[in-house]
Amino acid sequence: MNDVSATAGIVACDDGRGGTALPVLESDGPLALRRTRASGSEAHVMLVGAMSGPHGGDRLAVRAEVRRGARLRVGSAAATIALPGQIKGEARYDVRLDVADGGELHWLPEQLISAGGSELYVTTRVDLAGTARLVLREEQVLGRVGEQPGRLTSRLTVRIDGRVLLDQELACGPDAPGGWDGPAVLAGHRAVGQLVIVRPEFAVEPVAARMMGEQAVLVPLAGPGALVTAVAADALRLRQVLDGVLAELD
Amino acid sequence: MSRSALLVLADGRFPAGGHAHSGGAEAAVRAGRITGAASLEDFARGRLHTAGLVSASLAAAAALGVDPSALDAAADARTPSPALRAVARRLGRQLMRAARATWPSPELDAVAAEFPKGMHQPVVLGLLARAAGLGAVDAAYCAAYESVGGPATATVRLLSLDPFDATAVLARLAPELDRVADRAVEAARRVLDDGVEALPAASAPLLEIDAEAHAAWPARLFAS
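Quick note, the sequences are listed as chains A and B, same order. Quick note on my numbering: the first sequence kicks off at 206 and runs consecutively. Quick note on my numbering: the second sequence kicks off at 271 and runs consecutively.
None of these hints come from the bench; they were simulated from the model. All C-beta atoms, glycine included, are put in the ideal place defined by N, C-alpha and C. Any given hint could turn out to be false.
Taking beta-carbon pairs under 8 Å as the criterion, some of the chain A residues facing chain B (in silico) [said to hold, decoys possible]:
id	residue
1	360
2	370
3	373
4	387
5	416
6	426
7	436
Here are some chain A residues the structure puts well away from chain B; computed CB gaps all over 12 Å [claimed, not checked]:
id	residue
8	208
9	209
10	220
11	408
Work out the full structure: start from the sequences and follow the hints.
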């Protein structure tokens, strides 16, 4: 199989009748997008993997643009599984999200699973206008059940009006810088996740930092955002923690 | 560069308050994740390649003359834990006081006046290196070494670990410290062309989580 290069795109805009229209909904290769039933003014899109992957060497990208006053929720139908390719080489998965003033994006994909022998570099870059709102969940699972993980590096950058609010990179698996599975970084936990919430009102009234159990924490960022960082033994327990916080803040 | 100035700056007795901090080791000891020399080494290695690399890059970039306020904002974005941001600024203020007394310079005075609440400690460290006539490599080494030296010294007190064993951990990490310092300087040079987003953003989820838990303890031996 040859390496795959694909870019899927979504544009959401205010339809002028209290709802959100999707003038662009472009699937590409293994990245298929489906519009699902809207709720209120919010359009819903499901990312459906038409095949498992990315494999080594693939270049996948998703771009979503939420225009002024539009509301978009994006989920995925199943976990994304990074797999080794026929040829050795790193796969890339780049997510670029833009939200204009008054827009709101809920980016809630399923887990990214790093299968043994895979090599993937994921970047998620979010650019928000000053009054945009965001809920973004990112979960990584290191290896399928009973399997050693592949090499996974994931960078998450969130900017508001061009100013960086959050910039975090996690590298794990074989050949990652030493200590990634040790007591300072993951200590044997096989699921790790972040939930980023940006709301203009957090600038005035930030969340209070607090522990959410022993292995998760909710913190105010240095700007109008909040972050949950969590590690867990497995994907299910990680999701329970993140869902709990989300329900509480909604 | 003056090798003697580097020794003064890197000396654990340099009066900048670092001895009151364990770099996350106290929380890791309490959680049972550091129990002796082997797990201390694993902890220190993880911290070196995450928080240590970021600190070393910030220090190197400040030493090269990159705008300190841009570096301070980049440090904030790479430090989600408010407890760790507060610690970094407190240590930055303490280091600034020591710096202005030891290597007085108009640049340090100007930065101190412009940022009365203090800046992240590695940024001040880089400015201090400049004032002391040191280079980006020296600043990176100081920051990288501090990122592991602090936890090692703290663990001696927390676990009554044999100081010989703790120091042997640092000696074994020396080749990796060299690589981290090199990477930090490379990244800092890229910042000159590409801006602060070229700085590494390596993160350690448990250091962030534990820092908040630790800050809420009613009694503790170390401030962080």
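Now for the hints, and whether the structure bears them out:
1. 360: holds, 6 Å
2. 370: holds, 6 Å
3. 373: holds, 4 Å
4. 387: Constraint on residue 387 of chain A satisfied, holds at 3 Å.
5. 416: Residue 416 of chain A check passes; min Cβ-Cβ to chain B is 6 Å, inside 8 Å.
6. 426: Holds: closest Cβ of chain B sits about 6 Å from residue 426 of chain A, inside 8 Å.
7. 436: holds, 5 Å
8. 208: Residue 208 of chain A is indeed farther than 12 Å from all Cβ atoms of chain B, at 27 Å.
9. 209: At roughly 28 Å from the nearest Cβ of chain B, residue 209 of chain A sits farther out than 12 Å, so the non-interface label holds.
10. 220: holds, 35 Å
11. 408: Fine: 14 Å to the nearest Cβ keeps residue 408 of chain A off the interface.
Violated hints: none; the structure is consistent with every hint.
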